[in-house]
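Enquirer: Each chain is listed here by its residues.
2 protein chains.
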Amino acid sequence: MNDAVVIISGGMDSTVLAAYVKDLLPPDGLVHGLSFNYGQRHFKELGYARRNETLSSWTEVNLQNLNPLLQGSSLTSPDIEVPDGHYAAETMKQTVVPNRNMIMLSIAVGYAVSKQSSFGVWTGVHAGDHFIYPDCRPEFIKAASKAASVGNEGFWDTVGKLQAINAPFSEMTKAQIVELGTQLEVNFAQTWSCYKGGMIHCGRCGTCVERKEAFAIAGVPDPTPYEDPIFEVAAFHG
Amino acid sequence: MNDAVVIISGGMDSTVLAAYVKDLLPPDGLVHGLSFNYGQRHFKELGYARRNETLSSWTEVNLQNLNPLLQGSSLTSPDIEVPDGHYAAETMKQTVVPNRNMIMLSIAVGYAVSKQSSFGVWTGVHAGDHFIYPDCRPEFIKAASKAASVGNEGFWDTVGKLQAINAPFSEMTKAQIVELGTQLEVNFAQTWSCYKGGMIHCGRCGTCVERKEAFAIAGVPDPTPYEDPIFEVAAFHG
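Those sequence lines, one after another, are chains A and B.
Under the numbering used here, read the first sequence as residues 718 to 955, first letter to last.
Under the numbering used here, read the second sequence as residues 718 to 955, first letter to last.
So that you can see chain A by itself, here it is in the shape it has in the complex (with noise of 0.2 Å):
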């Protein structure tokens, strides 16, 4: 079937890709949309991706139970701080799940498999995740794809018209993204950044200064409210 399975976070990134993905399919193509909740605390995401309107379908994957075998990340252990700060810092390394991508990867190509989804599964991983997530870069996505494909083989082989698994925004940057976004008219008002879930962006976090930079790089006016608007990015640039 010519359906495909978008991973989706719903935040800016992921939300971009289920458009490009759905403008990108034949018109009886499905995007099956698929969350991982991984007990990370910003889970507040997952409810923009479920009220995604660009999706047929969208299946929350729960992961919690995984945590305690993946240390070392704020993102899963409630003792560490979530560090304030641009996102490419050293502190940012902090948020590094061991394996995440891979895992998340994983069960998204055995569900396409089951669903028949002959157009693969879609990741929105981009050139600014490169520098802190290994698993985030092109020579990952590449290898991950090829024991997907061989894993599955009567499958990928045969039915498969693109890569098992796809990253059509792995060398663009977040700007490149808001730009694209805007083309494909994506509300990003219905997604969602910030690491630290309160109800309103914080402003400070990794993520939120990032989605503040991208929106000032692409031109594109920033429909977020932030909790502190004011909060520079170029402090963080020495």
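Derived by calculation from the structure, the hints in this document are not laboratory data.
Treat the hints with care, since some could be wrong.
Because identical chains cannot be distinguished in the list, a pair is counted as satisfied if it fits within a single copy or across any two copies.
[As the list claims (entries may be wrong)] List time: in silico DMTMM-like cross-link candidates among lysine to aspartate or glutamate, alpha-carbon distance up to 25 Å:
1. LYS863 <-> GLU888
2. LYS863 <-> GLU896
3. LYS859 <-> ASP945
4. LYS929 <-> GLU902
5. LYS859 <-> GLU870
Position chain B relative to chain A; hints supplied.
Expert: Structure of chain B alone, referenced to chain A:
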């Protein structure tokens, strides 16, 4: 640390694997057992994994909530009958859970990174699994190991002494695994194979037939009580 993570089901292969890895590690090296319960019918195996005395720790990962996502297998869908007969028969393809091995390996790799286990992840897949399970073949293990290395650089590239994912039985038959286990003084009475999960092994299902055959070929006395001890392997060889 000189530790290793062994994926252990409580079956023959992974029980021999745990003994093999323990034997291979330096004296201070610990074997961490990781078992997966994904709603399969043979969860009885897990009790044998839990009681395995070679392991320094044992952790069960409950993936039953993935069950609705990974359809098309008699191991996870209660409305599909487990077929009787030889493991390599076409009907055994019903027991394929889409991408199961990649999902388990991805979680095990994350766990190994989290536990700083420099001796990596070990899986007991063997030559007899290749025909029906593409994700048990050497080329899949190689591709998945590459993805794990690339996706966790800074760990495997600097700490890792072996591959990220190791499958030492990959080219061995089950009979050869029985021989190796006998050398390593594995107590095969403390392992479980039957897919039907009764009080004792049924003796008729694919894995029971395969188990009997392995002991017969290896010339090792089979300590297993079967409900149907005379159900013949030969009948399924044509």
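Enquirer: If a hint holds in the structure, say so; if it does not, say that too.
Expert: Right, here's what the structure says about each hint:
1. LYS863 <-> GLU888: For LYS863 and GLU888, both the intra-copy (19 Å) and inter-copy (21 Å) Cα distances are at most 25 Å.
2. LYS863 <-> GLU896: neither (30 Å within a copy, 34 Å between copies)
3. LYS859 <-> ASP945: Answer is neither; intra-copy 39 Å and inter-copy 48 Å both fail.
4. LYS929 <-> GLU902: within (19 Å within a copy, 62 Å between copies)
5. LYS859 <-> GLU870: both (16 Å within a copy, 15 Å between copies)
The structure does not agree with the numbered hints 2, 3 stated previously, though it agrees with the rest.
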